[in-house]
Structures are given as C-alpha cells and as structure tokens.
Amino acid sequence: MTFEDILASASRNEVIIPDKWAQGRATFGGLTGALACERMQSVVSPGRPMRAMQVSFVGPVEPGTPVTLETELLREGKAVSQAMVRMVQGGTTRLVALASFGSGRESAVSVAPLPAPSAPAPEDCEPTPFIEGVMPSFAEFIEMRWCFGSRPFSGETHRDMGGWMQFREAPSGLGDPGIVALIDAWPPVMLSHLKSFAPNSSLTWSVELMDPRPEVKPHDWLLYRAEIDRAADGYGNTHAGIWNRAGELLAISRQTVTIFG
Numbered sequence: 049m050t051f052e053d054i055l056a057s058a059s060r061n062e063v064i065i066p067d068k069w070a071q072g073r074a075t076f077g078g079l080t081g082a083l084a085c086e087r088m089q090s091v092v093s094p095g096r097p098m099r100a101m102q103v104s105f106v107g108p109v110e111p112g113t114p115v116t117l118e119t120e121l122l123r124e125g126k127a128v129s130q131a132m133v134r135m136v137q138g139g140t141t142r143l144v145a146l147a148s149f150g151s152g153r154e155s156a157v158s159v160a161p162l163p164a165p166s167a168p169a170p171e172d173c174e175p176t177p178f179i180e181g182v183m184p185s186f187a188e189f190i191e192m193r194w195c196f197g198s199r200p201f202s203g204e205t206h207r208d209m210g211g212w213m214q215f216r217e218a219p220s221g222l223g224d225p226g227i228v229a230l231i232d233a234w235p236p237v238m239l240s241h242l243k244s245f246a247p248n249s250s251l252t253w254s255v256e257l258m259d260p261r262p263e264v265k266p267h268d269w270l271l272y273r274a275e276i277d278r279a280a281d282g283y284g285n286t287h288a289g290i291w292n293r294a295g296e297l298l299a300i301s302r303q304t305v306t307i308f309g
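Once you know that position 253 of the sequence shown is 301 in my numbering, the rest is easy, because the numbers rise by one and skip nothing.
These aren't lab readings, by the way, just hints derived from the structure by calculation.
Where a beta carbon is used, it is the ideal one built from N, C-alpha and C, also for glycine.
Please note that a few of the clues may not be correct.
Unchecked claim - Ranges between beta-carbon positions, derived for each pair: (1) Gly-203 x Ser-90: 43 to 53 Å; (2) Pro-66 x Ala-156: 45 to 55 Å; (3) Gly-181 x Glu-62: 27 to 37 Å; (4) Ser-202 x Pro-168: 12 to 22 Å; (5) Gly-138 x Ala-56: 17 to 27 Å; (6) Ser-104 x Pro-168: 44 to 54 Å.
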C-alpha cells in the first residue's frame, strides 16, 4: 500500500498498516503521526489549518494488526479548534495526539523567520539507496540526501543532522499529513554519536506548521536540519527546522528520544 492508500483506508477509523511501513517492531512514527493529523483534520471546520500537533508514543503501533483511531473534537471556538486522536491496538492505547487548528486574524505583530541554513542543492548530494535488512523498511518509500552531520552509528559527534527529503513515489498531493510523515523520516541526531547499533525510539514529538503555507508540490525536495539540545541518561532532546527549496520555513519539529545504548 502506498502512503495515500493507507491514509484513505483510515477514513473508516480502522487501519491495518503493512509490514513494509515498519521501523523495527513498530510502525514508522511519521506514518502514525500523519494518520493522526488526517483524522483530526476530518473533524475540524474547513478553513482552519493545523498550527501545532503533539504526539505521545505510548507503545508500539504494530504493523499487520488492526489499529482503531478514536477521534474527538474537543472544542471549536471562533477561530481555534482543538482535536484529539487515540490509537488503540489489542485493547491498549499505543499513541495519543493533540492538535490545534486556527484561522488567521489581524495582528500588529509580524516577524519573519530566520533564513534557511546554507546547503548544497539536492542534485549535488549523494542519493541514499534503500538497502533491505540494513535500513528501516519504511525507507523504501522516502529518500533522504545527507548534507548536515553524519549518518547513524558512524561514531561522529556532530550536534546536527539532516539534508533533503522527498517521497520516492510522490503522492498526488502532499498536504499536511505528507509533510508530517517526511519530517519524522530522519533518524535521531544522537545515533551518529554511536559506533554500533543501539535500540532507540521516539517518546514525544511536537510539530508546528507555518501558515500561510509556503508552496510545496508533491515532487519538491524539502530541507531538514535537526540539532541536539541535550543528550544524557539515555534520553536526547532535539529541535529541527524544515524549509522548501526557496528557503521558506515550512515547519518546526521537536523530539524527546530514548536511546538504549
């Protein structure tokens, strides 16, 4: 199933995620985040773009087993809506997401974002081929081209990681769920500090989308750069920016990651 197929199937509030979208024993977190985003969008009034989403990965969402998506519109005010999704599998909660949607309003405050970091064009960066059994299964669907930091388990102690990203087979329309999925494709920066594999997983994830949305077409490359805020005691905290090829800020992402090594 393609990314679009999975989103479409979730409209019935239950989905079985194929093994190919796995990340270890769990489903790729970007896909579960995208599903949560799509479900919450479906219950909010039109014209209210998603401004922020917070995700708590309570337990692994296992591929190949039915997952129920319980969606609730918590409140709908004059300009802002709040929604929640709970993913339940095997009778237990595996993921909880909250999102805020809001229409624009007049304001005397207007501050431009900081410029995108300098990076070589995606055509000048080495492609990352999918290697089955070495890379997470979901990487078959998303291409990443490194231009910041080092790759996982290289033993390099850079504070940053990132580069260009896009779906290998572009969906007909990218939309917010597609952007959310791409953002989570990159491994945690801390893994580049290790010299050998160690289990790891996201504990919490927060995404903020800019509005009005900069233009993004399905085949466009997006630039991602994450930095470590702190890493100690088996946990790491990172923040990241995401830009389109014109250098316009598209999203901000924050993660708390657990590392067992």
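Here's how the hints hold up against the structure:
1. For Gly-203 and Ser-90, the Cβ-Cβ distance of about 45 Å falls inside the hinted range of 43 to 53 Å, so the restraint holds.
2. Between Pro-66 and Ala-156 the beta carbons are some 50 Å apart, a value that agrees with the proposed interval 45 to 55 Å.
3. For Gly-181 and Glu-62, the Cβ-Cβ distance of about 30 Å falls inside the hinted range of 27 to 37 Å, so the restraint holds.
4. Look at Ser-202 against Pro-168: about 19 Å separates their beta carbons, and that is inside 12 to 22 Å.
5. The beta-carbon spacing between Gly-138 and Ala-56, approximately 24 Å, falls within the hinted interval of 17 to 27 Å.
6. Taking 44 to 54 Å as the suggested C-beta distance range, the pair Ser-104 and Pro-168 does not conform, at roughly 36 Å.
In the structure shown, a violation is registered for the earlier hint numbered 6 alone.
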